[in-house]
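Undergrad: Sequence:
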Amino acid sequence: MNYITFNEMIEVNGLLEEKGLNFKVHLRDACGKQSCWIEPLGNCACEGRYEEMYQVVEEYFRRKGQKIEFDETKLNFFAV
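For the sequence shown, position 5 matches number 5 in our numbering, and the numbering has no gaps at all.
Don't read these hints as lab results, they were simulated from the structure.
Given the structure is predicted, the values throughout are model-derived calculations rather than measurements.
With a Cα cut of at most 25 Å, we get these calculated DMTMM-like pairs of lysine to aspartate or glutamate: (1) Lys64 x Glu18; (2) Lys33 x Glu72; (3) Lys33 x Glu69; (4) Lys19 x Glu47; (5) Lys67 x Glu17.
Simulated restraints on C-beta separations: (6) Cys44 x Lys67: 30 to 38 Å; (7) Glu72 x Asp29: 15 to 23 Å; (8) Gly20 x Glu58: 14 to 22 Å; (9) Leu75 x Gly14: 18 to 26 Å; (10) Cys44 x Gln66: 26 to 34 Å; (11) Ser35 x Gln55: 15 to 23 Å.
Positions of the beta carbon are idealized from the N, C-alpha and C atoms, including for glycine.
Modelling step: build the complete structure from the supplied sequences, incorporating the hints.
TA: So this is what it looks like as structure tokens:
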């Protein structure tokens, strides 16, 4: 099982901020299974930027050797 660390959360959130993407990624851990959720930091500031945010998040974890999958809402994801 792949694990996502708190340091990775800090790094990916830093990348989002650097790129002016107003989203924050959070980590939740329950009974040995991790998942992450994406918080849009304002409706207007995020509108039209979701695809760019998904690309940044996916690319970050790909470079770390991890594959992630989003759920049907695309606001939650987990490492596979």
